[in-house]
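Going line by line, the protein sequences match chains A, B and C.
Taken in order, the first sequence gives residues 1 to 487; the numbers are from this note's numbering.
Taken in order, the second sequence gives residues 1 to 485; the numbers are from this note's numbering.
Taken in order, the third sequence gives residues 1 to 95; the numbers are from this note's numbering.
There could be a bad hint or two in this list.
Claimed, not checked - Pulled a few chain C residues facing chain B out of the computed Cβ check, cut under 7 Å: (1) Leu5; (2) Asn48; (3) Val49; (4) Ala56; (5) Leu62; (6) Val67; (7) Phe88.
It is worth saying that the hints were derived from the structure and are not from the lab.
Computed from a predicted structure; not experimentally measured.
Even glycine gets a Cβ: it sits at the ideal position worked out from N, Cα and C.
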Amino acid sequence: MSKDKSEYLINRKDNQYEVVIGLEVHAQVTSESKLFSTSSTKFGAEPNTQVSLVDAALPGMLPVINEYCVKQAIKTGIGLKAKINKRSVFDRKNYFYADLPQGYQISQFKDPIVGQGKVILDMPDGQKEVGIERLHLEQDAGKSIHDLDPKNTFVDLNRSGVALMEIVSKPDLRSPDEVNAYVKKLRSIMRYLGTCDGNMQEGSLRADVNVSVRKKGSKVFGTRCEIKNVNSIKFMQMAIEYEANRQVDLIEEGQSIDQETRLFDTKKNETRSMRSKEDAHDYRYFPDPDLLPLEVSDDFIEKLKLEIPELPDEKKKRFIEKFKLSPYEATILVSDNETSNYFENVIKKSDVKLATNWIIGELFAALNEKNLEITESPISAGNLSKLINLIKDGTISGKIAKTVFENMMEGDKDPKKIVEEKGLKQESDPKALEALIDKVIDDNREKATEYKSGKVKLFGFFVGQVMKVSGGKANPQIVNEILKKKL
Amino acid sequence: MSDITKQSLSELIKNIKDKKLSSTEVTKAFVERSEKSKELNAYVTDDFSAAIDKAKRFDEKPNLDLKLPGIPMAVKDLFCTKNIKTTAGSKILNNFIPTYESTVTQNIWNEGAILLGKLNCDEFAMGSSNETSFFGNVQNPIDKDLVPGGSSGGSSSAVAAQLTPITIGTDTGGSIRQPASFTGIVGLKPTYGSCSRYGIVAFASSLDQAGPMAQNVKDCALLHEVISSYDEKDSTSIDFKRNNYSNELTNNIKGKKIGIPKEYRVDGMPKEIEDLWKKGIDYVKDCGAEIIDISLPHTNYALPTYYIVAPAEASSNLARYDGVKYGFRADGENLIDMYEKTRSEGFGAEVQRRIMIGTYVLSSGYYDAYYLKAQKVRKLIKNDFDEAYKKVDAILTPSTPSSAFKIGEKTNDPVSMYLNDIFTVPVNLAGLPGISIPAGHDVKGYPLGLQIIGKAFDEQNLLNIAFAMEEKINFKNKITDWWIK
Amino acid sequence: MSIDLKTIKHISKLSRISVNEKKAEKLAGDLNSIFEFIEKLNELKTENVEPLTSVAETTLKLRSDKVNSKNLREQIIKNSPQENEDYFVVPKVIE
């Protein structure tokens, strides 16, 4: 396998294969109630307690669409720089399954609410544009539970009817790394917009992954397989890796690839065919006669545009231009809205350069270690800002600051108080430092003589000793100046 | 008063309001007659003792301001009724008890009416003779072993036989108007979007409408006024200004322009239907209306269109009857086996046939040739009416191409059965209101109906024309109570 | 055009209705006579006609995002064929 530069290729004998990937991401719309019914969307409720008569498909029950879900889909479309379709149509996708009470899913087939758009990925070797084919609204299904009983399957309809956005990418992705960047970017945009919480553990974000391979340089797409319902980025990457290699092996053996739906077995780390022969799907899509075409006015869309916050790409641009951040720093800081908000709060009253380094360096490391999100940070933006100012104005040294930071991580304490209580204030008084330095020189007579006779390297030793004696509190700049004179 | 059940709805309301009759007396009278009329098989489920209790409670504290004060009423078993079994004439719902009420029936109870029971109908309203019901044939009170029409056959039989003063049916392709015509009563299919579909077991969503079935036009207007309402729970319900149809009813239709579509003169139409239509034209003229010949060129394509659109929607609407959440379930080795057995045993032959047609016309490779084609022809059919209504206010046609036929006569020939709806189906496809009024008898003494088709939301005008014609026709139903021993 | 037994079996699978040979033959006969009469539509040229999905001349009304979240579990499960307090129960699903 070749990973030179960013090109992801699969090598076999004389052949190199490129992997072509397209994603259908299913993102749960953040809303209080379901797409076509008034029951709650809250996660984790007791089974079948958030099921309305409509969700359970009782006879004579009819769907009525949730305006907020429509707005959320349009906002997401705007975030994806996509065409918003002023007229879209809900279709029925017909198939039988235990957790599909109506016997059909209400979805959008021919006329989705959002058309073509794009997502920009920041890859190590530059930016890459991924095309969005469409975004449509649809209902989620319920949950079948197979392991509660040996003979029966249990069905929980709490999720049944929850609004999903299916976001279909063009087959523009070429590696597991790009898939990682794409899903994260999509999630970031939706979190900025507040349209999907992106919580993969709770199933708010999952994807069907389309994979095909072709010889490097070929312009023709190979036969693709669709890996259904993968619910973590890591699994998506593993599934692609496995599936691409499987397809390459088949081609190398002179066999053909069946276009089919496959399942990723996370335990065995392999994909396997899902389709049983008699069940070739024919969804018999047709416009749902219980609903009329969804029409939105220009005015409706314009009003939503006013609600769109600054999105990661624009924010990144601003950070680079206004705060002189490197593209790398900016990318990290805008990755989610909470982080960028934190950053902007810190720099309201403190130095940008120091703040950037402290957030990306110390803070992220510390949060990572404790497995915390930025929103759960024990150190508030205000207190981090104070800490940075203490460094900037010379009250404490960078080294002492780390000690103070560690103290702050134990609870959101004011760094000034920590410095005072623990007596960590930097010693910058030349007289006091002179006394210290005299004592150090006195204690190390021999070394002083050596220094004077030309062993200039020993200067560092003296600085170190002074710092040690001062308990790290001595202002190194002033120590330097005095030492030079004294020696 | 001995002949309570012979009174029209309007008379009963007047007598209750004037305190000449109590709700209990009225309810008991209809219960007694219904109990003596089991042979008609009009009811699937009765709620007689509860009805009498409710009537007594009404009488204790009568609210005489209501539009249907203490009036007992049986309804088609396609309307979900809270805590009362609702079967849609199917085995698959034989044990289904809704915990909710349809909007249309709720509107009725809100006006003081009392549920007598649930009336037989073709399974999932798919039929024109009430012979597809899991609960058996319904007898037409006109003559023994005569079908009452369908799908609202229990409803037409019950009104004609005076087991209920009035009722509601549903009409997807003629299911109110055709049985009304077969039993000598009045039946109105309102404009699509006029009555809420919430809580009505769905057959074909883009065509289904509930409507009143009554002994006369005035009663029909009153019930329509009660059931027609805008409902936020039905996305296809339309918010328009609804009239007090019964109050505003008038027989003055002078100057109205009535269209006569030449395409409704179909091959092989019995002469007595042709004559009835001519008589109808004369009546309209007598009322001072103007007759205008019109053309609805795509009329002949309506029935084939309907037999694509309705089964397609039905095949999807009936997917929810899968043995999982409610209704009948057959044992199966696994989920798929359970589905296939449940639906094979739970649905009758006609329903299965239509599900198959619908599945086929939507399936991959056939969608464009059938379903899409039908939607386009549906547009042409609607355009025909739009064109016609530039020249006329309403259209007069026969309701059916024949009078009622014998039970079993057409069961083995689905196409000949479907041809029954040839005059009614275009109205559903175009979403228009249509009313059938009894207008005469054939040689056997069986009733024949005339249909008036109106502009969308123009039920008032439609009812006025029907009201004026009714006066001229002066129809008398010939019912001998042959089933009462 | 003719609908053969294979087609009948295919659509019976799609519609989850089991058919045996006898029933399939009856259905094929019925459907063929019905489609013969449906084929009449082919007389019409419809290339430039917009399909009509709904006659309701109104736009889709949108409801506000409010939860009316009564727990209806008891009501919902009440009619289900196999008893269980919490779940709908179906025979094992085999993939």
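The hints, checked one at a time:
Hint on leucine 5(C) is violated. Least Cβ distance to chain B is approximately 13 Å, over the 7 Å limit. Because the beta carbon of asparagine 48(C) sits about 9 Å from the nearest beta carbon in chain B, more than 7 Å, this interface hint is broken. Because the smallest distance between the Cβ of valine 49(C) and any Cβ of chain B comes to about 4 Å, under 7 Å, the interface hint for this residue holds. Given hint, alanine 56(C) at the interface with chain B, holds; its Cβ is 5 Å from that chain's nearest Cβ, closer than 7 Å.
Proximity of leucine 62(C) to chain B is violated relative to the hint, the smallest CB-CB distance being about 10 Å (cut-off 7 Å). A least Cβ separation of about 16 Å between valine 67(C) and chain B goes past the 7 Å threshold, and the interface hint is therefore violated. Hint status for phenylalanine 88(C) relative to chain B: holds, with the closest Cβ pair at about 6 Å, below 7 Å.
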